[in-house]
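Number of protein chains: 4
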Amino acid sequence: MPKSKKEKLLHLFNNVARIAQTFGMRLSFDDQDRATISLPYNPDLDHGLGCTHGGAIATLLDNAGWFTCALAHRGDGWIATSQLSLHLLLPAEKTDLRARAEIIKSGKRQDVAEMRCWDANDNLVAHASGTFIYLENLPFEKLKES
Amino acid sequence: MPKSKKEKLLHLFNNVARIAQTFGMRLSFDDQDRATISLPYNPDLDHGLGCTHGGAIATLLDNAGWFTCALAHRGDGWIATSQLSLHLLLPAEKTDLRARAEIIKSGKRQDVAEMRCWDANDNLVAHASGTFIYLENLPFEKLKES
Amino acid sequence: MPKSKKEKLLHLFNNVARIAQTFGMRLSFDDQDRATISLPYNPDLDHGLGCTHGGAIATLLDNAGWFTCALAHRGDGWIATSQLSLHLLLPAEKTDLRARAEIIKSGKRQDVAEMRCWDANDNLVAHASGTFIYLENLPFEKLKES
Amino acid sequence: MPKSKKEKLLHLFNNVARIAQTFGMRLSFDDQDRATISLPYNPDLDHGLGCTHGGAIATLLDNAGWFTCALAHRGDGWIATSQLSLHLLLPAEKTDLRARAEIIKSGKRQDVAEMRCWDANDNLVAHASGTFIYLENLPFEKLKES
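Protein chains in written order, with the numbering used here: chain Z, 10 to 155; chain E, 10 to 155; chain H, 10 to 155; chain B, 10 to 155.
Worth flagging that the hints you see were computed from the coordinates, not collected in a lab. Keep in mind that a hint or two might mislead.
Keeping only pairs whose Cα atoms sit at most 27 Å apart, straight-line, the calculated DSSO-like set for lysine-lysine is [unchecked claim]:
no.	chain 1	residue 1	chain 2	residue 2
1	B	K117	Z	K117
2	H	K17	Z	K103
3	H	K14	H	K114
4	B	K14	B	K103
5	H	K114	Z	K103
6	Z	K103	E	K103
7	E	K103	B	K114
8	E	K117	H	K117
9	E	K103	B	K12
Among chain H residues calculated to face chain Z with C-beta under 8 Å, some are [as the list claims (entries may be wrong)]:
no.	residue
10	L98
11	I113
12	K117
13	S138
For glycine and all other residues, C-beta sits at the position ideal for the given N, C-alpha and C.
So that you can see chain Z by itself, here it is in the shape it has in the complex (with noise of 0.2 Å):
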């Protein structure tokens, strides 16, 4: 039976992106198909100060927003991230943390997102919005699957 699109997303992310192996981040999709990315504390994400680098969180931020956007994108081409805004609210400190996004504007040409970050105690910890381009020439079939 072919996987579904989600199924693909999830496999593409959980099993196939070397950086989610190298963080310990988990893509899931919630019951609004909204991407959720689940970070577990990793002490190998510290800055020199002892918090969560907000590389990181922009990096789960970054994420949550892409495979929203992904899954929603009607298309069978790819999209990109091309623009990132983002405010670090609170030193993430020695915590989980979990990224969601949510489609502001789903457009011809891209899409536009807003994402949230939270740490263990549900402290709004990033706040951000972006934009996620359509690309055509990057078809799911490129991505070898096992």
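Keeping the supplied structure of chain Z fixed, place chains E, H and B upon it in accordance with the hints.
Just chains E, H and B now, with coordinates in the frame of chain Z:
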């Protein structure tokens, strides 16, 4: 002999920051005191389609800005990235990367800096601007130094 | 009877701010103290292709965030927009517009807010986030009041 | 003799755009084809505390980027500002302003540009970056020309 601020910052990134070791990033300052972050190609930071993840590039950009502003900051205190806006311009496929920052405006409460990231062929891969606010409660002395 | 902070802010925008009169914008607060800026269609703000200029929309978004944060701010001082990130989602063609803000994070040094702008048919025309920093040197008393 | 693209763009802003007349802005191109927008001090654009409103500055920045990218764009079509990130660095108090753009990356689907705005004393008042996407449905010919 006590360490200079520059030596402390180099130590903080190159010896203390766990994420720097995880990524394989290294900090240096040029003769204009601009921080440069170098990242030799690391396949463990690839996304599912085989290029360096945008979140890893965001990490380079953020670090370049943070360390440039931290060195320029006159006070004894600390700084924090409060905001980052970035454009991802080209895919970074199996290439070394380096990011560098320049201060746009140094203010009483915060600095604004601009950051650029290039690949091994000097193609501009990403561009960003960010806000780095001054904090008072985290003096350098809190840092454990070897 | 002395004016409340809310009355002072309404006066500041609706009676003092020259740009509010030039544009024809009006400020109100809803029952959750979120600032709303209304702009009846004004052809004098059209760009060369006959839609309301994105800079006018940015002005609505900025005002909505600024006045929401100014009202929420506990101190006697003042605030300033230090940073704004916006997505223009749809052209606004000969339509009334309204923008509204919500605070994402209220901090010691600054607030971060999210702003949205809709047209007369409730289409989301633009989305933004911004940073509003606290200043200490510009008390309300500096304002000439009628 | 048919007008060049540059002449058409100058005409579009300096003669057609209503907001340019409302603000008193004027477009020119320098010898590197970078758009410059000049705004002699206009008290009708002051906010309630007597400085030029940040939304007016955003308008200058947006225009500088838009016209620089519109001139550089090879196709017959049109462009639209899809995203803008700006830092307001200094208050602009009763001063002339000018904004200028430079293209950071010219792509197949969109351009990314950087914009700066200075006051009459050459102080950098604001810095921005933006995304200008290509459209196909709005050819120049739609423009009524005198």
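Now the hints, each set against the structure:
no. : hint            : verdict
1   : K117/B - K117/Z : holds (15 Å)
2   : K17/H - K103/Z  : violated (44 Å)
3   : K14/H - K114/H  : holds (21 Å)
4   : K14/B - K103/B  : violated (34 Å)
5   : K114/H - K103/Z : holds (21 Å)
6   : K103/Z - K103/E : violated (31 Å)
7   : K103/E - K114/B : holds (21 Å)
8   : K117/E - K117/H : holds (15 Å)
9   : K103/E - K12/B  : violated (47 Å)
10  : L98             : holds (4 Å)
11  : I113            : holds (5 Å)
12  : K117            : violated (12 Å)
13  : S138            : holds (6 Å)
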